[in-house]
Amino acid sequence: MSADIEFVPTPMAPRVSRRLPGVEGVWVFVFADMAVFALMFGCFMWDRHLQPESFEVSRRALDLTMGGVNTLILLTSSMLVVLAIDALKYAENALAPVFLGLATLCGLAFIVNKAFEYREKFEAGIGLQTNDFFMYYFIMTGMHLGHVVVGTVILAALALKARSSRAGGSIVAYEGGATYWHMVDLLWVCLFPLLYLVR
Amino acid sequence: MDEQTKILYQKISIYCGPIFVTTFVFFWAWLGHNLPPPHPDWPAQMFTDRYVNNLAEIRLGFLVCLVTICLYLPWTGYVTSRMMRIETGHYPVLSYLQLMGGALTVMVVSISMWCWVVAAQRPERAPEITQMLTDAGWLMNDTVYMCTTLQMFAMALCFLADKKGRTPVMPNWACYVTIFCGATFFPASLTAVLRSGPFAYDGLIGFWIPYPAWLIWMFIASYYLLGDLKRRAGEVEEKVVAVPASS
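First to last, the protein sequences are chains A and B. Per this note's numbering, the very first residue in the first sequence carries number 1; after that it's consecutive. Per this note's numbering, the very first residue in the second sequence carries number 1001; after that it's consecutive.
The following block holds chain A by itself, in its conformation from the complex:
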């Protein structure tokens, strides 16, 4: 396997010069979805600009470790998805369901971690209507969590598909799911510094 990879670093390149992974619709969806998040980030920055002190004090109440661990979990899951797609491309079909299964576990770990983080906040008496910072915190991370749940279901479905006899054939479905999952990852990579880190 490794010998093949070393000799042919870009197996698609000689036959198809440039190709959009997945179907075009997935990219349209990803663009529109990210535009909505971008608008929310804009609203957040605007309100932060209006009440800098309240936002800074509230930010310090967030659990940086939990946020950091979740960032690592998602980055790892994205790498696993890349490995799964590569495995399918290099016809290493046995490896793809393993990578996709591990990525699904990462998704579940993120959800569990987030549930603990929310519980910690609720137990400290912090909720959606505590102040504007926590309104954005709960809504933006909540909407992102919704995306993670959908993405985890997609990854699990793809892992099952990769295990089944219909694993071969088109790679388009896998690429579509991978694109969506990378978007989920990217959104968190924007959310994490915006909420937890920016002073």
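Don't take each hint at face value.
[Claimed, not checked] Negatives, chain B to chain A, calculated, CB over 10 Å: (1) 1005; (2) 1010; (3) 1030; (4) 1039; (5) 1043; (6) 1056; (7) 1057; (8) 1086; (9) 1088; (10) 1092; (11) 1110; (12) 1118; (13) 1127; (14) 1143; (15) 1183; (16) 1204.
[To be verified] Listed next, with one range per pair, are the computed distances between beta-carbon atoms: (17) A/120 x B/1186: 34 to 44 Å; (18) A/66 x B/1039: 32 to 42 Å; (19) A/20 x B/1212: 19 to 29 Å; (20) B/1125 x A/69: 49 to 59 Å; (21) A/66 x B/1146: 29 to 39 Å; (22) B/1043 x A/53: 27 to 37 Å.
Treat the hints as calculated values from the structure; they're not laboratory data. Every residue gets a Cβ at the ideal spot worked out from N, C-alpha and C, and that includes glycine.
With chain A fixed as given, assemble chain B onto it according to the hints.
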């Protein structure tokens, strides 16, 4: 019924969609003074003032729109029958889901406007009641959206799987836009809790994204449904011409 009459009714059904959207923008949004929407955090008296100062316009706007909202029905009917041609067999579950979603959407939007018509019927009543009726109308739309979302998801999933014709009813991207537009309704649930900011019923995420998304989706879908009908009508004409020639 001959083929051309059938095609005519189908065409009218599709045009009902964009006509509904146009009347909605004019009567619901503009005459009904919903552009911009009232601010949920206003004191009650301001809700009464809003009705008293624009009484004739608001009454006319919502009463007309309560009639034109029903144009959504023939459109939904056409989409259902078109989906059934793709989802052939005895179990067209997506088509039925779309049909129920479309029909119930009409009721949800109608009940919402009915609240505002009631508010405008007797605007001299206690301002708190007018405020409540206005809130009730908005929250009807903003929290009872799932029928519409399911209608859109079912339509997109069916058209995505369209392998019957050489050209699909809607291109791949338009199907995904349909799913996206349906999903923009989810954050509107927050209007039930938050009364100011982007997630309130007059906010960016509570109003300015989901409502336009719904209307724009309907234009996009109608555009491709018309194109598809034109192709099918052409095929029917070919057949009509071909039959006498062969016999």
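Hints versus structure:
no.: 1; hint: 1005; result: 36 Å, holds
no.: 2; hint: 1010; result: 26 Å, holds
no.: 3; hint: 1030; result: 24 Å, holds
no.: 4; hint: 1039; result: 16 Å, holds
no.: 5; hint: 1043; result: 20 Å, holds
no.: 6; hint: 1056; result: 36 Å, holds
no.: 7; hint: 1057; result: 31 Å, holds
no.: 8; hint: 1086; result: 17 Å, holds
no.: 9; hint: 1088; result: 22 Å, holds
no.: 10; hint: 1092; result: 23 Å, holds
no.: 11; hint: 1110; result: 28 Å, holds
no.: 12; hint: 1118; result: 30 Å, holds
no.: 13; hint: 1127; result: 25 Å, holds
no.: 14; hint: 1143; result: 16 Å, holds
no.: 15; hint: 1183; result: 8 Å, violated
no.: 16; hint: 1204; result: 6 Å, violated
no.: 17; hint: A/120 x B/1186: 34 to 44 Å; result: 25 Å, violated
no.: 18; hint: A/66 x B/1039: 32 to 42 Å; result: 36 Å, holds
no.: 19; hint: A/20 x B/1212: 19 to 29 Å; result: 27 Å, holds
no.: 20; hint: B/1125 x A/69: 49 to 59 Å; result: 56 Å, holds
no.: 21; hint: A/66 x B/1146: 29 to 39 Å; result: 32 Å, holds
no.: 22; hint: B/1043 x A/53: 27 to 37 Å; result: 28 Å, holds
Going down the numbered hints, you'll see the structure goes against 15, 16 and 17, while the others check out.
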